[in-house]
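Protein chains: 2
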Amino acid sequence: MFNWKDDRNLTLLVDFYELTMANGYLKNGIGDKIAYFDMFFRNVPDGGGFSIVAGLEQLIEYIKGLKFTDEDIDFLRNKKIFDEEFLMYLKNFKFTCDVWAIPEGTPVFPYEPLLVVRGPIIQAQFIETMVLLTINHQSLIATKANRIVRAAQGKPVFEFGSRRAQGYDGAILGARAAYIGGCAATANTIAEKMFGIPAVGTMAHSWIQMFDNELEAFRAWARTYPDNCLLLVDTYNVLKSGVPNAIKVFKEELLPKGYRPKGIRIDSGDIKYLSQKAREMLDEAGFTDCNIVASNSLDEFIIRDVLQQGAKIDSFGVGERLITAKSEPVFGGVYKLVAIEEENKIIPKIKISENPEKITNPGFKQIYRLYDNKTNKAIADLITFANEEIDESKPLKLFDPIFTWKTKTIENFRARKLLIKVIENGSATYNYPSVGEIKSYCQEELKTLWDEVLRFENPHKYYVDLSLKLWKTKQKLLKQFAD
Amino acid sequence: MFNWKDDRNLTLLVDFYELTMANGYLKNGIGDKIAYFDMFFRNVPDGGGFSIVAGLEQLIEYIKGLKFTDEDIDFLRNKKIFDEEFLMYLKNFKFTCDVWAIPEGTPVFPYEPLLVVRGPIIQAQFIETMVLLTINHQSLIATKANRIVRAAQGKPVFEFGSRRAQGYDGAILGARAAYIGGCAATANTIAEKMFGIPAVGTMAHSWIQMFDNELEAFRAWARTYPDNCLLLVDTYNVLKSGVPNAIKVFKEELLPKGYRPKGIRIDSGDIKYLSQKAREMLDEAGFTDCNIVASNSLDEFIIRDVLQQGAKIDSFGVGERLITAKSEPVFGGVYKLVAIEEENKIIPKIKISENPEKITNPGFKQIYRLYDNKTNKAIADLITFANEEIDESKPLKLFDPIFTWKTKTIENFRARKLLIKVIENGSATYNYPSVGEIKSYCQEELKTLWDEVLRFENPHKYYVDLSLKLWKTKQKLLKQFAD
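The listed protein sequences derive, respectively, from chains A and B. Residue numbers for the first sequence, in the numbering used here: 53 to 535. Residue numbers for the second sequence, in the numbering used here: 53 to 535.
There could be a bad hint or two in this list.
The list treats identical chains as one, so a pair stands whether inside a single copy or across any two.
What the hints assert, rightly or not - Below, simulated SDA-like cross-link-like pairs (lysine to any residue); rule was C-alpha separation at most 20 Å, straight line:
(1) Lys458 with Glu137
(2) Lys403 with Asp319
(3) Lys143 with Gly478
(4) Lys378 with Val96
(5) Lys513 with Val96
(6) Lys426 with Asn144
It should be emphasised that the hints constitute simulated quantities derived from the structure, not laboratory data. As the structure is a computational prediction, the values presented were derived from the model and not from experiment.
Based on the sequences and whatever the hints tell you, model everything.
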């Protein structure tokens with residue numbers, strides 16, 4: 053029923069260097085050489101303890117539809133730098149790579165491959181821009197939304213940010229990612245049509261201004277929407293005008309029998325103070341069941357602080373600071389070559405850098421999440437070569453990849469592979485879960501993380517270790533460059 | 053030739069409350085009441101002295117295509133809160149408003165209406181979300197790009213941010229806005245196809261990794277692209293490996309007669325130090341004409357600082373901090389009801405707030421930009437009622453709308469109306485300039501601003517005054533609420 057589709061031809065939404073390299077690979081006779089790329093990130097935004105990966109459905113749909121139209125080819129030909137052979141290659145372009153990915157909604161950690169692509173270098177390289185753009189954007193918003201949702205301590209958070217989003221997809225796919233991250237609903241109507249995310253809303257200040265006065269505007273609303281009588285009370289003065297007028301209308305029994313007013317929304321001023329006073333006024337008037345919704349430049353810190361100060365707020369509308377991840381609006385995922393194949397053998401590759409944190413983990417890899425069977429909590433993630441298996445029946449020794457003397461031996465655990473195959477030889481092999489399913493899965497997975505990791509300031513660093521085999525290969529490659 | 057088109061049906065990219073209000077207006081018999089809305093912003097991002105408005109072409113195209121499909125109507129019917137009469141209204145929806153706008157690329161200031169919409173309340177209200185989303189996003193990026201371009205002091209700035217943009221439009225329309233703001237080119241190929249913005253690019257680190265060693269990779273590039281031999285030198289070690297190998301290849305004369313190598317790109321490390329050392333090495337080897345391009349998390353502050361420290365950089369590739377306006381990723385434009393019509397008379401409306409900066413300027417308005425005929429510099433902007441004319445032949449007295457004792461009388465000036473009609477009774481009356489024309493216009497307009505306003509920290513506050521008539525009306529409305 054809900055079926056997001058994007059019919060735009062976004063094939064040329066690609067960094068131009070992917071095309072110059074592709075042409076060069078072909079010309080140098082290595083276009084079909086098999087390469088492995090990892091997409092991974094290095095830092096959790098806002099100094100958080102984990103990120104939530106999202107965007108896979110959109111990425112797979114893009115890959116499924118990937119083709120070059122005649123118009124695209126003509127455009128490229130006009131650039132006068134590509135060989136005709138390459139343009140013919142693009143004309144007959146067929147994506148034949150394999151892709152592995154961590155399912156959407158999974159909590160993930162720095163340096164873990166969120167996506168692995170294996171295939172002819174031209175193809176595997178070409179999708180870099182869209183891999184990063186798609187996964188970076190939605191992971192950013194899902195991660196930010198979850199911070200805000202955690203701060204709200206179970207009170208619903210509504211995504212209200214479309215008007216301040218960075219472009220139309222920013223609003224639409226941002227609403228999707230926010231829902232995956234835990235938001236209860238969105239103001240963006242098309243997100244319900246496309247994904248089934250509940251769209252909600254009542255009135256803006258202009259509704260009040262269109263009537264002779266606030267009281268008349270409230271009355272008109274109550275008559276029009278007896279089952280959704282939530283009144284915006286801050287057009288003129290919250291405590292002197294808005295709340296008294298709302299109570300007056302609630303008491304006038306304009307609603308048919310059996311209907312109760314929903315409550316009020318406060319969109320400016322000090323929401324801690326105003327919500328406490330408004331709560332008192334509503335309670336005194338007998339409307340203890342009426343909710344107070346707050347909106348106005350909220351984020352996880354303001355929500356945490358006003359709740360700690362005893363604000364009487366039942367739900368939060370969060371706009372610009374969520375939909376742009378304002379405090380840190382970049383999810384810095386990168387896409388790096390980690391191996392090539394020579395005579396059917398995988399040759400791990402490394403990228404050195406003067407900044408040690410920019411050094412890559414070489415090889416074709418898998419990630420195991422290790423859960424304690426007694427507590428059901430995640431103990432650590434272990435990055436291994438793809439062909440390494442973990443024997444759950446034996447104790448497993450983990451060690452820190454930098455401070456290698458720090459070790460830990462675990463027992464009575466289970467190991468779950470995080471990377472699953474989603475595209476095989478160019479064909480999608482993945483059944484998309486609905487966004488509701490992704491959201492539920494995310495919530496379940498978050499329960500496996502210790503509180504220490506969930507904390508949003510100075511969280512405990514979750515262990516992401518390397519297998520001994522992978523660690524040794526990395527050291528060997530590093531030494532080659534040091535020599 | 054270049055023709056951006058967006059065939060998606062974005063009608064339901066609308067905050068749900070626009071629909072509940074619209075249904076309510078119709079039900080309360082005021083759906084056809086004429087209303088005036090202003091779009092304006094309150095703060096220049098990053099504490100700058102001005103913003104650059106952008107996005108008008110996309111907004112007009114959206115309005116031109118605005119209609120509700122049967123699928124949209126069915127979806128809304130299923131929400132079970134809209135009247136059938138309203139759904140029929142939407143089925144026959146025809147946009148009949150008038151729209152005035154400030155042309156794209158114009159430097160603009162807080163509280164100036166960037167867009168004015170006049171028409172039946174249902175329609176004028178309905179487009180709020182898309183007006184804000186479209187203009188906020190592109191104005192944000194154009195403004196940020198211009199800051200970065202000014203910091204680069206005439207050295208070209210390339211927009212390299214697609215992979216970190218917030219969604220596909222964030223990348224595509226962000227590239228458009230960045231070009232309007234002054235960028236010389238983009239890495240985003242589709243932006244050239246759609247808008248004619250030059251797309252540029254050479255190689256990523258993976259190109260180097262695909263060959264046996266850096267030298268071989270450079271040689272292969274030189275042979276493939278003799279006319280675009282710009283080598284990425286930081287895959288292993290800039291000064292020990294990258295630059296020496298580049299020089300070696302430049303000297304091998306792999307390029308056909310008449311071709312000169314373009315230069316090098318540095319993408320990590322300290323670009324001030326590395327560029328100075330690399331410059332020395334290139335110069336010593338006789339490649340004084342080879343350029344040095346720098347990229348790696350740049351913004352206006354880093355660019356200003358490294359240039360001040362004598363970095364030898366000829367052009368800059370700027371990614372995530374431009375395409376997301378990282379330092380302040382929200383352009384806080386709002387859309388407020390400012391007047392209604394009663395019996396063909398315009399009744400100004402005001403929105404009060406406990407935060408004085410949130411109080412609106414009432415009425416249907418025009419903005420005049422006043423230029424000094426001698427210096428050709430902009431002296432001030434004057435917001436007036438739409439029917440006020442300015443007599444350039446007489447001295448004009450301006451006064452500060454808050455500190456009213458601060459006055460200034462100007463003579464020998466010309467007054468230019470900033471708001472022009474772009475949609476009349478629902479039909480577009482505006483010929484879009486190309487993005488190149490918008491960019492040139494923007495550069496010309498910036499020349500009319502004093503250096504004091506252009507400064508990017510603590511700029512001089514440009515004067516935006518109200519006409520006496522408008523100021524008096526505002527005071528009267530404020531007083532009504534105080535009483």
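Structure-based check of each hint:
In the homo-oligomer, the alpha carbons of lysine 458 and glutamate 137 never lie at most 20 Å apart, since the shortest distance is 54 Å inside one protomer and 71 Å across protomers. Taking the shortest alpha-carbon separations for lysine 403 and aspartate 319, only the inter-copy value of 13 Å comes in at or below 20 Å, while the best intra-copy value is 50 Å. In this homomeric assembly, lysine 143 and glycine 478 come within 20 Å of each other (Cα to Cα) only inside a single copy, at 17 Å, whereas the closest approach across copies is 42 Å. Taking CA atoms no more than 20 Å apart as the test, lysine 378 paired with valine 96 passes in both settings, with 14 Å inside one copy and 16 Å between copies.
In this homomeric assembly, lysine 513 and valine 96 come within 20 Å of each other (Cα to Cα) only inside a single copy, at 11 Å, whereas the closest approach across copies is 38 Å. For the identical chains of this complex, lysine 426 and asparagine 144 are neighbours neither inside a copy (54 Å) nor across copies (62 Å), given an alpha-carbon limit of 20 Å.
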